[in-house]
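> Heads up: the sequence lines are chains A and B, in that order. Here the first sequence is numbered in the working numbering, starting from 15 and rising by one per residue. Here the second sequence is numbered in the working numbering, starting from 15 and rising by one per residue.
Hints in this document: simulated from the structure, not taken from any laboratory. Some clues are possibly wrong.
The list makes no distinction among identical chains, and a pair is therefore deemed to hold if it is satisfied within one copy or across any two copies.
[Stated by the list, open to error] Okay, derived cross-link-like pairs now, PhoX-like style, lysine-lysine, Cα gap no bigger than 25 angstroms in a straight line:
#1 K107 with K81
#2 K30 with K156
#3 K128 with K81
#4 K82 with K107
#5 K82 with K193
#6 K30 with K193
#7 K154 with K107
#8 K30 with K107
#9 K154 with K193
#10 K128 with K154
#11 K193 with K156
#12 K128 with K156
#13 K30 with K128
For clarity, every value in this text was computed on a predicted model and none was experimentally measured.
2 protein chains.
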Amino acid sequence: MSNRHPIPHDAQMVFKGVIFEVWQWQQELYDGTTATFERLRRPDTAEVIATIGGQIILIEQEQPDTKKPFIGLPGGRCDRNEAPLVAAQRELKEETGYVSDNWELFHEVSPVGKIEWTVHTFIARDCRVDAEPSLDGGEKIKMRLVSFDAFLDLADLPEFQSRDLSLELLRAKYDPAAKERLHTAIFGA
Amino acid sequence: MSNRHPIPHDAQMVFKGVIFEVWQWQQELYDGTTATFERLRRPDTAEVIATIGGQIILIEQEQPDTKKPFIGLPGGRCDRNEAPLVAAQRELKEETGYVSDNWELFHEVSPVGKIEWTVHTFIARDCRVDAEPSLDGGEKIKMRLVSFDAFLDLADLPEFQSRDLSLELLRAKYDPAAKERLHTAIFGA
Numbered sequence: 015m016s017n018r019h020p021i022p023h024d025a026q027m028v029f030k031g032v033i034f035e036v037w038q039w040q041q042e043l044y045d046g047t048t049a050t051f052e053r054l055r056r057p058d059t060a061e062v063i064a065t066i067g068g069q070i071i072l073i074e075q076e077q078p079d080t081k082k083p084f085i086g087l088p089g090g091r092c093d094r095n096e097a098p099l100v101a102a103q104r105e106l107k108e109e110t111g112y113v114s115d116n117w118e119l120f121h122e123v124s125p126v127g128k129i130e131w132t133v134h135t136f137i138a139r140d141c142r143v144d145a146e147p148s149l150d151g152g153e154k155i156k157m158r159l160v161s162f163d164a165f166l167d168l169a170d171l172p173e174f175q176s177r178d179l180s181l182e183l184l185r186a187k188y189d190p191a192a193k194e195r196l197h198t199a200i201f202g203a
Numbered sequence: 015m016s017n018r019h020p021i022p023h024d025a026q027m028v029f030k031g032v033i034f035e036v037w038q039w040q041q042e043l044y045d046g047t048t049a050t051f052e053r054l055r056r057p058d059t060a061e062v063i064a065t066i067g068g069q070i071i072l073i074e075q076e077q078p079d080t081k082k083p084f085i086g087l088p089g090g091r092c093d094r095n096e097a098p099l100v101a102a103q104r105e106l107k108e109e110t111g112y113v114s115d116n117w118e119l120f121h122e123v124s125p126v127g128k129i130e131w132t133v134h135t136f137i138a139r140d141c142r143v144d145a146e147p148s149l150d151g152g153e154k155i156k157m158r159l160v161s162f163d164a165f166l167d168l169a170d171l172p173e174f175q176s177r178d179l180s181l182e183l184l185r186a187k188y189d190p191a192a193k194e195r196l197h198t199a200i201f202g203a
């Protein structure tokens with residue numbers, strides 16, 4: 015999926031940080047005047063809905079700066095020139111030690127209008143242990159297995175960051191047909 | 015509400031753009047090493063659930079750069095040192111020409127983990143026309159009145175950016191008790 019709000023071709027990069035790039039361009043307005051417009055670019059991220067039997071892998075992690083634990087899917091930043099699927103496979107293995115032979119794209123969303131940034135969400139079915147997790151110095155992660163119903167409850171956690179996924183989960187929680195569709199998408203027919 | 019992930023006090027501003035500031039700091043990691051961490055700050059925004067009788071004001075707008083029309087609530091950026099409520103009142107009047115004497119805070123959310131940015135959502139009940147809208151050169155806006163039920167349908171629009179509000183709307187759509195609570199919150203008891 016292309017980004018909803020791509021940075022125009024004539025934009026200039028005015029700053030490059032460790033995560034974010036800042037881009038600006040001169041934009042003609044409706045009244046014929048121009049103004050400096052600004053948008054950001056950041057590396058895409060990949061996250062994984064990983065299943066083991068009828069359960070789904072969640073990770074509980076905290077960041078070195080905030081120290082508040084939060085629950086989410088395994089995943090992380092795509093490295094430069096790394097395909098999102100490869101990033102998803104690498105992050106799942108690094109964070110949990112699990113691998114899968116059965117991958118599928120679930121959805122791709124660009125959650126913030128002013129940031130060229132796509133979140134690629136994959137499904138990894140029937141995962142199996144391949145190695146010990148290999149965390150870097152900035153990660154503190156615990157793995158947790160939850161039922162499909164407990165997975166749907168993520169929509170009610172204010173700190174669960176994937177709001178587009180939350181909307182899917184909430185629909186499934188309330189609408190039996192949506193629940194059936196989501197269950198099939200995740201676990202296979 | 016304080017921001018979930020505030021920028022630490024010892025961070026340095028390394029770039030200031032027209033909307034975004036980039037801040038960095040040295041963060042000690044779990045293994046004792048340090049790394050440069052980065053976070054953004056941008057002006058808070060204020061948006062308004064504005065009612066007229068049993069209806070709610072939506073605005074259909076397009077941006078000069080993307081040209082794709084999208085539907086949302088009246089609102090915009092808080093000016094420097096402008097209280098969110100004052101910004102909400104100003105934006106509602108500028109974009110629609112409507113004013114209200116009955117304002118209430120609905121919720122405050124920080125939608126993006128790495129950005130110090132709060133969206134303040136207000137309710138403005140029983141709005142009345144006060145003036146013509148006064149749009150600036152970067153705005154192209156049409157006002158639309160919708161029923162409460164049509165308002166709940168915003169949750170199904172992928173381009174509706176307020177995903178935290180979408181979650182509230184979706185709950186109200188499916189759960190009669192949540193619908194009753196939201197109706198009372200918006201229109202009053």
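> Evaluate each hint against the coordinates.
Hints and how they fare:
1. K107 with K81: within (23 angstroms within a copy, 42 angstroms between copies)
2. K30 with K156: neither (33 angstroms within a copy, 37 angstroms between copies)
3. K128 with K81: This pair counts as between: shortest inter-copy Cα distance 14 angstroms, intra-copy 28 angstroms.
4. K82 with K107: within (24 angstroms within a copy, 40 angstroms between copies)
5. K82 with K193: Neither, since 31 angstroms and 32 angstroms both go past 25 angstroms.
6. K30 with K193: neither (43 angstroms within a copy, 45 angstroms between copies)
7. K154 with K107: Only inside one copy: K154 and K107 sit 15 angstroms apart there, 48 angstroms across copies, limit 25 angstroms.
8. K30 with K107: neither (30 angstroms within a copy, 38 angstroms between copies)
9. K154 with K193: The answer is neither: 32 angstroms in one copy and 39 angstroms across copies each exceed 25 angstroms.
10. K128 with K154: Between copies only: 18 angstroms across chains, 30 angstroms inside a chain, cut-off 25 angstroms.
11. K193 with K156: Answer is neither: 27 angstroms inside a copy and 37 angstroms across each miss the 25 angstroms cutoff.
12. K128 with K156: between (32 angstroms within a copy, 22 angstroms between copies)
13. K30 with K128: both (16 angstroms within a copy, 16 angstroms between copies)
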